[in-house]
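Number of protein chains: 2
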Amino acid sequence: MAPLDAYRELVERTRKIATLQSCAELLGWEERTTMPRGGAGHRAAQLGLLAGLAHQWLVDPRMGSLLAALEDSPLTADPAGVEAANLREIRRRHQRATRLPQALVEEIAQTTSLAQGEWQEARRRAEVKRFLPWLEKIVGLVRRVAGHIGYDGEPYDALLDEYEPGATTAEVARIFDALRPELVALNRKIASAPRKPDAAIVQRAFDPERQKIFGEMVAAAMGFDFARGRLDVTTHPFCAGIGPGDTRITTRYNPRRLNDALFGIMHEAGHALYEMGLDKATHFGTPLGEAASLGIHESQSRLWENQVGRSRAFWAYFYPQAQRIFREALADVSLEDFYGAVNHSAPSLIRVEADEATYNLHIMLRFELERALVKGDLAPADIPEEWNRRFRDYLGIEVPDDARGCLQDIHWSSGGIGYFPTYTLGNLYAAQFFDQARRDLLDLDRELEQGRMSGLREWLREKIHRHGSRYPAGELVRRVTGAPLSPQPLVSYLNRKFGGIYGF
Amino acid sequence: MAPLDAYRELVERTRKIATLQSCAELLGWEERTTMPRGGAGHRAAQLGLLAGLAHQWLVDPRMGSLLAALEDSPLTADPAGVEAANLREIRRRHQRATRLPQALVEEIAQTTSLAQGEWQEARRRAEVKRFLPWLEKIVGLVRRVAGHIGYDGEPYDALLDEYEPGATTAEVARIFDALRPELVALNRKIASAPRKPDAAIVQRAFDPERQKIFGEMVAAAMGFDFARGRLDVTTHPFCAGIGPGDTRITTRYNPRRLNDALFGIMHEAGHALYEMGLDKATHFGTPLGEAASLGIHESQSRLWENQVGRSRAFWAYFYPQAQRIFREALADVSLEDFYGAVNHSAPSLIRVEADEATYNLHIMLRFELERALVKGDLAPADIPEEWNRRFRDYLGIEVPDDARGCLQDIHWSSGGIGYFPTYTLGNLYAAQFFDQARRDLLDLDRELEQGRMSGLREWLREKIHRHGSRYPAGELVRRVTGAPLSPQPLVSYLNRKFGGIYGF
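These protein sequence lines are chains A and B, in that order. The numbering used here puts the first residue of the first sequence at 1, with every later residue one more than the last. The numbering used here puts the first residue of the second sequence at 505, with every later residue one more than the last.
These are computed hints drawn from the structure, not numbers from a lab. Nothing here was measured: the structure is a model prediction, and the numbers come from that model. Here a beta-carbon is modelled for each residue, glycine too, at the ideal position from N, C-alpha and C. Be careful, since some hints might not be right.
[What the hints assert, rightly or not] If you want the ones that stay clear, here's a sample from chain B, every Cβ over 10 Å from chain A, calculated: (1) R597; (2) Q599; (3) Q606; (4) S617; (5) Y667; (6) A682; (7) A704; (8) S815; (9) E840; (10) P851; (11) A876; (12) Q992; (13) Y997.
[What the hints assert, rightly or not] Listed next, with one range per pair, are the computed distances between beta-carbon atoms: (14) B:E631 to A:I350: 56 to 66 Å; (15) A:K129 to B:R956: 34 to 44 Å; (16) A:L441 to B:E631: 51 to 61 Å; (17) A:K129 to B:G621: 48 to 58 Å.
Looking at chain A on its own, in the form it has when it is part of the complex:
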């Protein structure tokens, strides 16, 4: 078979799989936004069928033959060319999938669909016992996955590779180990700082309807296109790229906390801008039209949420608008006090509400627990106690109940073990990318002060979004910033910023 014909057929099959998976993506979005409770059982059956079918198509021996026919073909001469990059990623997925038995894939889809309902109920009632049997099932399933996939270092590698292709557990642990003492030192300085912003300012009464309108204004200014997307309410906020022209985000509104929905929306809109910036018109359904990794995806959300949304420059433009919309809450608050309040840092219970200085400690704790679960060094039944013990160690506070402890995140119930480290990788990438953007865009602060975010958005599109998976995450970072991933940009950024606010 001529290489070009083989490549065309391979792409056609890959697109078909992606289209089928996008049906599952929509069903998943709908399950979390509007599905009536009673539909949970059948939704699990639907998702099981689609996942099984996609898996079946991905492991089709014909895919293997096509990939083999393209081995060492002239099409792959340029390793960063469209064809070579697509082949690299399609081959990786085909190989992962062929190693997993069909029955295991279907069992995971069905179990996690049901487990998510049980998790929600367990969290609502703060009854961890209700969820532990499901966690045990899921840990058992992902350990089987790791066994089938195989790994060089430890079983967690096989899971991490699903979310951050090419990253290893050891590498992540090394970066986290370098970051941890810096964060501990930073948090000590914050705790004993001479100045403290008044967090109560953003814990006044903020009408959810007005929060929604303000959040939509900010998202629109960022470039989120509401004709090609939606913003809905869910317990656990997320972004779903359904397909070309259809990218959804969700949030949740707390009438006594401005930060949650506002920065949540900026976070998810950051993910959405990446999805909207991928070249789906040409490359939908192939790796070139898809994100490089979850860590890179997270860098886009965190950059908009933190480097932009929690900056003084951003609020120079948006704070007067916020004051007009939240008249009663903010009338007597200066820009400087507001900027301090949105950046108030203190150890807290909930990851998604954590500030920039403490956030990564939440991730490290999860990474360590997951790693131990997967290794078999920790029993799922011991998770609540172990969670609470480490939480006390790292953040110095007591966990009052499991709903605000080990039950707070959806990830484990959805089978996403190996996913958490990508959040901290995302924070590291974001700081390193933003440093570079600042060098490339000389007027960036002035633009943000004037509410103009298109310069930054187009820089991200040009440097990151449009490439999709053309480069592995590590190589993308080197290409964009000229250096490998390092904890230094994040550490410097956090010290500079919190030093300014807290006066150390």
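Using the hints provided, position chain B relative to the given structure of chain A.
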């Protein structure tokens, strides 16, 4: 192969097709409720993939072998047994699908996809000429379908059978011919009646938010389970049975018309009660867990909308509640005047807004035109003139433009020729079923007067819902009412009801 094994495999394949189709059903629901505009192109690709796949599975030669293996097997000894009934229906679907060449199926999908856009535009501009070439194409296509499917009587039989399995054109024509003079006489009596209700009462200001709350109260009282369903807003109301535990309905609110959303909700909730009453726990994905026909489905919606929702007994209970919710609009209106207003009858242009006395004339006109088109006795180009001529004859009013004439319905542009008669069959079934319910449930009127609808709902579930497609529609009617379908129950019901309101 042992018959039982063949049967089990056949059922498993049929369920898998149904589960896949239920994904498409959800995608279709979402397209009409919440999808952002930009997602339309990709949604078409998703639906195309799922439809093609379901068709491919249905015509799989293995399905034919399994059906052949079960021919004359002991499993089918009892023709009303689960297995025989499932086989009858699965065989019918498989045969229909395999008789149609793939190329014709694709041509229909493409042509009707384009034709719907052209129809919308033609209707918007009231330019029928724009749509006529498409109607000609579609009539040509469905005539080819009829040729491939085959028929005993006339080609229209092959189309009707898609929507109302087992019904024949001659039979429908005979019933319609008996009904027509009765309806003409009834409408003449209404036109020259001594009393006339005041329709303006239900055309006052009705806050949509309150319409929604009242509609939900009524649907809940009917037995619509909001934990196993939803009510949303769409331009064209519909009911979608996604799967076990998940049945959705939609409506639209007109702030100056109480009838539209209220009876629309009761109509769709009637469809939904049928879906919720099917034995999906045991039979989901097989004909035994699915509606007997579109006519039977429509009988459930019309019975709740008309026999219940437009009855004096129903309003004896609900009118005081309506008065408390719509205080300003209804404060000065008596129950008697309100009952008259919701039943006000007059010839009108639009089918979906027609009252009970005129509705079936709209259907007969369409049936006659369709039948002539498919026979070849009427050229598509002559439709506008012929439509207007008959409309004058049957309803006594002039059609001012084709947008309110032959362009008003989506059915022809979507290829749904043969569908319309099921609406009047539904009205006939509804009247005959309700007569029987009245005989079986001696206190029905008193129960409705007290807002108790569970007796009627359980009667419908027991007599109709739980049987799914076990009996063909005609046989189901005979089993439930002891008599074949007859126009008499509807004619008597309409004369009694409108005689009371209009004083003849």
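Taking the hints in turn, this is what the structure says about them:
Look at R597 of chain B: its CB is around 19 Å from the nearest CB on chain A, clear of 10 Å, so calling it non-interface holds up. The Cβ of Q599 of chain B sits about 25 Å from the closest Cβ of chain A, beyond the 10 Å cut-off, so the non-interface label holds. At roughly 17 Å from the closest C-beta of chain A, the C-beta of Q606 of chain B stays outside 10 Å, upholding its exclusion from the interface. Non-interface call for S617 of chain B relative to chain A: holds, since the shortest CB-CB distance, roughly 17 Å, exceeds 10 Å.
No beta-carbon of chain A is positioned within 10 Å of the beta-carbon of Y667 of chain B; the least distance is around 25 Å. Annotated as non-interface, A682 of chain B keeps its C-beta farther than 10 Å from every C-beta of chain A; the closest such distance is 43 Å. Against chain A, the non-interface label of A704 of chain B holds: every CB pair exceeds 10 Å, the least being about 35 Å. S815 of chain B, annotated as away from the interface, keeps every beta carbon of chain A farther than 10 Å; the closest lies near 29 Å.
At roughly 38 Å, the least C-beta separation between E840 of chain B and chain A is larger than 10 Å, which holds for a residue marked as non-interface. With a least beta-carbon separation of about 40 Å from chain A, P851 of chain B lies farther than 10 Å from that chain, consistent with its non-interface assignment. Even its closest Cβ contact with chain A, about 41 Å, leaves A876 of chain B beyond 10 Å, as expected for a residue assigned away from the interface. For Q992 of chain B, the shortest C-beta to C-beta distance to chain A comes to about 40 Å, beyond the 10 Å cut-off, and the non-interface label holds.
Every C-beta of chain A lies more than 10 Å from that of Y997 of chain B, the closest at about 35 Å, which supports listing it as non-interface. Under the hint 56 to 66 Å, the C-beta atoms of E631 of chain B and I350 of chain A, about 59 Å apart, fit the expected range. A C-beta distance of roughly 42 Å is found between K129 of chain A and R956 of chain B, which places it inside the suggested range of 34 to 44 Å. Judged by the Cβ atoms, the range 51 to 61 Å given for L441 of chain A and E631 of chain B holds: they are separated by roughly 52 Å.
Between K129 of chain A and G621 of chain B the beta carbon distance is about 56 Å. The supplied range of 48 to 58 Å therefore holds.
Figure legend: structure checked against the earlier numbered hints; every hint is met.
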